[in-house]
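Novice: So you can see what is in the structure, the chains are spelled out below.
There are 8 protein chains.
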Amino acid sequence: MTTDSIRKLFEEVRKGTLAPDEAVQRLRHLPFEDLDFAKVDHHRTLRTGMPEVIFSQGKTPSQVASIFARLAGRGPNVLATRASEKQFAAIKKKFRNAEYHPLARAVALRRDRKDYGRGVIAVVSAGTSDIPVAEEAVVTAEIMGNRVEHLYDVGVAGIHRLLAHRKTLDKARVVIVCAGMEGALPSVVGGMLGAPVIAVPTSVGYGAAFQGLAALLGMMNSCASNVSVVNIDNGFGAAYVASLINRL
Amino acid sequence: MTTDSIRKLFEEVRKGTLAPDEAVQRLRHLPFEDLDFAKVDHHRTLRTGMPEVIFSQGKTPSQVASIFARLAGRGPNVLATRASEKQFAAIKKKFRNAEYHPLARAVALRRDRKDYGRGVIAVVSAGTSDIPVAEEAVVTAEIMGNRVEHLYDVGVAGIHRLLAHRKTLDKARVVIVCAGMEGALPSVVGGMLGAPVIAVPTSVGYGAAFQGLAALLGMMNSCASNVSVVNIDNGFGAAYVASLINRL
Amino acid sequence: MTTDSIRKLFEEVRKGTLAPDEAVQRLRHLPFEDLDFAKVDHHRTLRTGMPEVIFSQGKTPSQVASIFARLAGRGPNVLATRASEKQFAAIKKKFRNAEYHPLARAVALRRDRKDYGRGVIAVVSAGTSDIPVAEEAVVTAEIMGNRVEHLYDVGVAGIHRLLAHRKTLDKARVVIVCAGMEGALPSVVGGMLGAPVIAVPTSVGYGAAFQGLAALLGMMNSCASNVSVVNIDNGFGAAYVASLINRL
Amino acid sequence: MTTDSIRKLFEEVRKGTLAPDEAVQRLRHLPFEDLDFAKVDHHRTLRTGMPEVIFSQGKTPSQVASIFARLAGRGPNVLATRASEKQFAAIKKKFRNAEYHPLARAVALRRDRKDYGRGVIAVVSAGTSDIPVAEEAVVTAEIMGNRVEHLYDVGVAGIHRLLAHRKTLDKARVVIVCAGMEGALPSVVGGMLGAPVIAVPTSVGYGAAFQGLAALLGMMNSCASNVSVVNIDNGFGAAYVASLINRL
Amino acid sequence: MTTDSIRKLFEEVRKGTLAPDEAVQRLRHLPFEDLDFAKVDHHRTLRTGMPEVIFSQGKTPSQVASIFARLAGRGPNVLATRASEKQFAAIKKKFRNAEYHPLARAVALRRDRKDYGRGVIAVVSAGTSDIPVAEEAVVTAEIMGNRVEHLYDVGVAGIHRLLAHRKTLDKARVVIVCAGMEGALPSVVGGMLGAPVIAVPTSVGYGAAFQGLAALLGMMNSCASNVSVVNIDNGFGAAYVASLINRL
Amino acid sequence: MTTDSIRKLFEEVRKGTLAPDEAVQRLRHLPFEDLDFAKVDHHRTLRTGMPEVIFSQGKTPSQVASIFARLAGRGPNVLATRASEKQFAAIKKKFRNAEYHPLARAVALRRDRKDYGRGVIAVVSAGTSDIPVAEEAVVTAEIMGNRVEHLYDVGVAGIHRLLAHRKTLDKARVVIVCAGMEGALPSVVGGMLGAPVIAVPTSVGYGAAFQGLAALLGMMNSCASNVSVVNIDNGFGAAYVASLINRL
Amino acid sequence: MTTDSIRKLFEEVRKGTLAPDEAVQRLRHLPFEDLDFAKVDHHRTLRTGMPEVIFSQGKTPSQVASIFARLAGRGPNVLATRASEKQFAAIKKKFRNAEYHPLARAVALRRDRKDYGRGVIAVVSAGTSDIPVAEEAVVTAEIMGNRVEHLYDVGVAGIHRLLAHRKTLDKARVVIVCAGMEGALPSVVGGMLGAPVIAVPTSVGYGAAFQGLAALLGMMNSCASNVSVVNIDNGFGAAYVASLINRL
Amino acid sequence: MTTDSIRKLFEEVRKGTLAPDEAVQRLRHLPFEDLDFAKVDHHRTLRTGMPEVIFSQGKTPSQVASIFARLAGRGPNVLATRASEKQFAAIKKKFRNAEYHPLARAVALRRDRKDYGRGVIAVVSAGTSDIPVAEEAVVTAEIMGNRVEHLYDVGVAGIHRLLAHRKTLDKARVVIVCAGMEGALPSVVGGMLGAPVIAVPTSVGYGAAFQGLAALLGMMNSCASNVSVVNIDNGFGAAYVASLINRL
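Residue numbers (the working numbering), protein chains in the order written: chain A, 1 to 248; chain B, 1001 to 1248; chain C, 2001 to 2248; chain D, 3001 to 3248; chain E, 4001 to 4248; chain F, 5001 to 5248; chain G, 6001 to 6248; chain H, 7001 to 7248.
The reader is advised that the hints may include incorrect statements.
[As the list claims (entries may be wrong)] Here are the simulated DSS-like pairs of lysine-lysine, each with C-alpha atoms no more than 25 angstroms apart in a straight line:
#  : chain 1 : residue 1 : chain 2 : residue 2
1  : A       : K86       : C       : K2059
2  : G       : K6092     : D       : K3167
3  : D       : K3167     : B       : K1167
4  : E       : K4015     : B       : K1015
5  : A       : K92       : A       : K114
6  : C       : K2114     : C       : K2094
7  : C       : K2167     : E       : K4015
8  : F       : K5008     : H       : K7008
9  : E       : K4059     : C       : K2086
10 : C       : K2015     : D       : K3008
11 : G       : K6114     : G       : K6092
12 : H       : K7094     : H       : K7114
13 : G       : K6008     : A       : K8
14 : F       : K5015     : H       : K7015
By construction, these hints were calculated from the structure, which means they are not laboratory data.
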């Protein structure tokens, strides 16, 4: 531990075996970053309730399970995103209470169930194919201690369905909107509300959807000023940002 | 004239100096395309009221004026799109009745004012910057003999303004929707209506709008099934397609 | 049901327990969207003969079958696009009359066989590889109550084959043109005809075809003014637009 | 005014000349959207302090000035973004108190100077060329009633400058980060903080910066989970989102 | 057969039952395209030795075999490109003399072995991974009646290997150069020679090669003026063009 | 001159002051490239009639004039492409016989007027805006000693105009086709002819034409096998390739 | 100065008024970054001779001049890249010894003329239009204390010119290669040499050069393994990297 | 062997049967490239310790093994990159001492274990998914005779981890940085150090990472001047460049 070497510096100074000026010089050449590391850890305690997270895709079940176990030692809540059933099975052996959310393709271990958010996060999705991304947002927001409402199948081509849910939307403190294809839903939702809207382009669509690029560009150019955007299919990131906002 | 050479064939056959079989062989080696040309001309007379059109951009005023004059000899109505005031001035000297539409940047000579369309074409535009494209559509549709209604400033981020105009939209036989930025308006309008919608992406926007590419991709991926799309800023093309449909 | 709450308003007014002005105020704060919903349903009845549609790709056979069953309760005709044989088998168990069109990869249940279109829709395809997209257009147009003619294998590099079919094309009220690779066919067909042309870029080709992007860009830039474009491989959308036009 | 037609319905019901059930039917066929419009206006009053905004680019000075005057009638604060000195001069004639921010290229009329934000918004910019975008964010956040701190010239290639400002950053409730070229700064800032970060890619750079595309893609792929992104050069949008968050 | 209807016209004229002028009019309304068709067939006989070609990819073995059989009825030489061993097996059952070229993934039936080309076509390929494309060019050029020389593994990063083959290159009447990755080889070869060079970008490479896009762009921008380019991996097309040139 | 140093080697060997083996070793370390240079020069004399060429864009008039003068010392014919009138004026002072082709934006000094081509090169252009590129091809082909025919305004949307010129096209030994927008013309021309077709995409168009990218991609994917492609707006390059072919 | 506050800590410990453990705690909460800052400064002294640099583009002459003056206080050598003659004039007033390199568009103040590089840096450029970028590299490398040789006009289409310079290239310790259009030169040079090659794509070219994108992609895919790449037109960056290598 | 024919020339000259001038002429027409080839071989001996390399992807195990064997005859060290376990098994049969590095997917035969590098090469990777690319760099650098240190899991969003390793980085003579997603790490590392940094974008990420394009663009636009870039996932190339630098 570097703290030891620093303490030694102070002790030598105290004993008079080291002059203060010389101590300053030596301090400069210590691997001071550990101080920084400490600070970060301290800082991290302010983030109570934030889940430790694994991006499971491309890892073997046993790799995921062992990372999961390590993270479970650091914090109460652990989330594995983009996880398959096989990966879940490997985790399940070690953590009986871990739960699999098949739509979200997520494994959640939620030991801290306190409510950290101050209001409701609404998650809106355009079509049934967008649900996996929306569910990833839902599961993430929940494990981060938020109340969440999910409005399914609310597309711009059926604007009446959206209007029918305005009451729910008006109550939300932050709104996440997942949409593929032309990605127009965040603009429409954004124009209806005064809350911040986190837009998630999804890779849903074909042809000129270009795996979510069309939706991404659409959302970047939203004519509603309360919209900001995260990466294609990044339900996790949207919920993370929304959770931070909901704690303010 | 090739028709002469064909007539000669028949005359030789009539006189008996040429056997029918031989005539068939010779016919095969005639430049038969002129026959085709004739047919096309015949066909063209079916298109009564269609304007002759010049794309004026990049041409000098005198070039535009002389092409305009030539076209004015072929049909009653002539339209010069993307025309500057200087180009108009040059045309005006030859055609007193030519009118300049500054918003649409179009010169129209309308000598045939008959109504060829069977219903109303609605032209919807999202923002004030889209008006030049929308006006090009309006002017084009009018010179092609349609009744036109233009709904300005009807964006997806203010969906109530769109709903306020539903009656007008419901009456339209074809709807043209011009939108830049995220290009979401055609989807919303398309979802509200049973009429065919012609979407025109505009180059309005900045940054990730990429000169209309974002709007174009958005419209190609519209979740409303009654939407088809023309080129960026192509108000003329949209009106041309809409006019053909409105004549059916 | 919100209609109840509205009726109560009127009844209170009738009884004199509520002043008209106050009633107007209260009405403003009702969740009025249901009214809108009703209107939409009413509107939908005007669209008789339109099929209910499922995009089957990425869904399990049982999911497709159950959505199919639900839609079959809403309208007489149901269409499942991008459907596999396995998905069809699952549907077939519930709907004996459902038919599979293997080339189009579509399942059609057609209980309303009335003719809603006023003319013929011609579907032109460039190469044999474009046939699945063209067949999707054919099946869609038919289930929407149109007479359809399909011209196969009519590419721009063999212009004589196209010319040989001009009679058929001239008779069509709307023309759908499916083409991959350079996507030039709609321009050529468009230049020959006075009818509206719906262009469908297909993902056919390799290398610089970029999964239909080359064809899409080509069609967007068509020098024929009667061409509008739908998404890559979107035979369904082209037929939907064409059907709306053919009903006018 | 449609409200009149609704009041008439109630009055007829009151007089007994119209049965409640019949009134409900008639109500359904009224152009109900105006009700919606009213609601939206009501809603708008909840957004006190939000500026009315003009995107000035591409408009003449007199156009900007007259739109500015109209908006100044609707709300106390008006903001004209992307405004030139000439446009400002035209506004200045009508509004003595309007101020020009040359770095931000913005005109601000701030008559409501109340503090609506609950904390500080930090605006971080990477290089001197990013300052116009950052200043647009600063001016926007200020006119929306926020305390703002701007950290200049804090790039990722000189990480120590960033670390030197950590205290300021730690105090911020929301952080806006503007960066062009590789757009890496939001990731670094995001990794240091627990606050939500709004990233603004700027069009600063040359060559493979592709007018902000490189920065945009970089930010979309940020490995820091608290980052969401707005359009290239959209300092206004970032500040708008940040202001909404800061009011929570 | 339309020729019949034309012959009848002539016969009626001969008999005097039809006036020449009237015959001309009737001729105009005949489906004249068949004439055109005939001409094209006639024209096709001028192209002696050109193979009939199938693009086999995405077709079943039996489909390929039956198309192959049909084409084998039209001309002496048949070529199936992008063919698998299974597809070859199906062809082999019908055509004992068909040969499979595994590197080129091509099936060739060559019954006309006459030499139509006037010189040698050189096919140069940069790396071993480019060989399939180069071999497709070799097989195509051979079946079209050309003498072909293939220079393997001649990359720009080992310019001496290229120089060592200059004699062979100098003798060639046309040169085909296949290269992936940066696609620089055609420029280097083009700068060394006075012959026309047909460049074929290949999809060889990874990362920023973008499936041949980098090579394609490189070749389009060749600083050697004697280079023209065909589609990515289009060895067939390059050989077709080269064969036409070699017959001149 | 290095030849001298080589001759010295031989002379030393002759005098017996140098052993052959040692001479071989020394030869290896000579700057042998000059040998190569000589060969190239020798080779260059085989290219009689090829013009020396300057790409004038971005150079000052005096720079262009002095390069022009230097090149005029090397060969009889000099061509300056992309040249302005001012650049021509500077050249004209030195070369009375230099001629300016304003449409082609080219300066040509043609002192060798011999006919090197064996047939006619046809240059086809789609629209009037493509003429500068087509004319650059015409001027280049002429100065390289070819007979040239230029067919103007022959677009795919008016296929009859193309058919009307088939005779001219059939006579051509090589055909250059210039087209912007969708770039479909080379496919149509290619399909009609047996001659090699050099396609030149032009930057003509707007919106989704993307400065010639749409045309370029279209031409790369041509369904006609006799088409190869040069860079956008590269009329010079097309003519250069065509001239080489026409000399064969 | 933070060093003071740290020294105070040590002094308090020495005096016995602060316990070592407590001192460690306080140290943790100091703005420790200054330590870091100090280290960086220390580090910076190791970089003797590195120029201070301004990217002048988009700045006013007086802005450039005042930044230049500030930087001239920090180090002996100052370089202003992308500088106009006007910007130079403003600098010249303050720094008599500043020199303008018009081809490189650079202003250099070189007060430390020591040789820091251990060998020669060769700068190779393909065409005359690439010279500005190459010259920027030359000027940068020189002001950083390197001996530089510049080989002009050495393109891949004239490989003999390149071979003629092999001796110069073989002597270089690092080679910078600037090339636009297809960007093939670094591959060819890289294949000839054993030295590291820094490739600079330039925006030279037109059409499918896409402002240097074609060259950039080409260089990224170089088949020579000793090539790494910097941004389009970034002659400065290439020379900076090369200088660091040349000092090793 | 061509050297023979050259020696014969000298011998004839010695015997007096050939005049020196005539010998020079004959020499010019010899296939002189072999001289060049010789030189290159000679040159190659200067590159002692460089491994012979196979890119294994897409080759069969037996192909890889036989190429491996051939290369093992040319030099002591052989490296097979992108190799599978099956390919390794085939090699192992022939070369007992060949070792498989599963993370790097590389087979290394290292018979020359001399240290050719003068310092340490540091390989930094951002996330666990980047390790395969980083390991390819490590294995390559080692087989080329360098001491290597690998810093894992050092991302920009946890800048303290990077700072903690500064000592290691400061000692490195060259640094390789592998990063996917936004690719920001090379800028941060570059800004901390005075050494040259070779950046390797990886294809790690999803959505708008576009298989490494986002990282590539980010790195090209690095605001740190000591960064140059190789192809996506090209760990081999980065190590090759770094090794050349480390030998200087």
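Novice: Run the distance test for K3167 of chain D versus K1167 of chain B: straight-line Cα separation, threshold 25 angstroms.
Specialist: Roughly 57 angstroms separates the two Cα atoms, so the pair is violated.
Novice: For K92 of chain A and K114 of chain A, compute the direct alpha-carbon distance and say whether it is at most 25 angstroms.
Specialist: Measuring from Cα to Cα gives roughly 23 angstroms; hence the hint holds.
Novice: Does K3167 of chain D sit within 25 angstroms of K6092 of chain G, going by the straight-line distance between their CA atoms?
Specialist: violated, 41 angstroms
Novice: Does K2094 of chain C sit within 25 angstroms of K2114 of chain C, going by the straight-line distance between their CA atoms?
Specialist: Roughly 23 angstroms separates the two Cα atoms, so the pair holds.
Novice: Sort out whether K7015 of chain H lies within 25 angstroms of K5015 of chain F, counting only the CA atoms.
Specialist: Distance ~10 angstroms between K5015 of chain F and K7015 of chain H Cα, so the pair holds.
Novice: Take a quick look at whether K7094 of chain H and K7114 of chain H sit within 25 angstroms of each other, Cα to Cα.
Specialist: With Cα atoms ~23 angstroms apart, K7094 of chain H and K7114 of chain H stay inside 25 angstroms; holds.
Novice: Is it true that the CA of K2015 of chain C sits at most 25 angstroms from the CA of K3008 of chain D?
Specialist: At roughly 16 angstroms apart (the allowed maximum being 25 angstroms), K3008 of chain D and K2015 of chain C satisfy the hint.
Novice: Does K2086 of chain C sit within 25 angstroms of K4059 of chain E, going by the straight-line distance between their CA atoms?
Specialist: OK: K4059 of chain E and K2086 of chain C at ~21 angstroms, within 25 angstroms.
Novice: Decide if the proposed pair is consistent with the structure: K6114 of chain G and K6092 of chain G, CA atoms, cutoff 25 angstroms inclusive.
Specialist: holds, 23 angstroms
Novice: Would you mind confirming whether the straight-line C-alpha gap from K2167 of chain C to K4015 of chain E stays at or under 25 angstroms?
Specialist: violated, 30 angstroms
Novice: Can the restraint linking K5008 of chain F and K7008 of chain H be considered satisfied, given a maximum Cα separation of 25 angstroms?
Specialist: Distance of about 17 angstroms is within 25 angstroms: holds.
Novice: Run the distance test for K86 of chain A versus K2059 of chain C: straight-line Cα separation, threshold 25 angstroms.
Specialist: holds, 21 angstroms
Checked against the numbered hints given earlier, this structure breaks hints 2, 3, 7; the rest are met.
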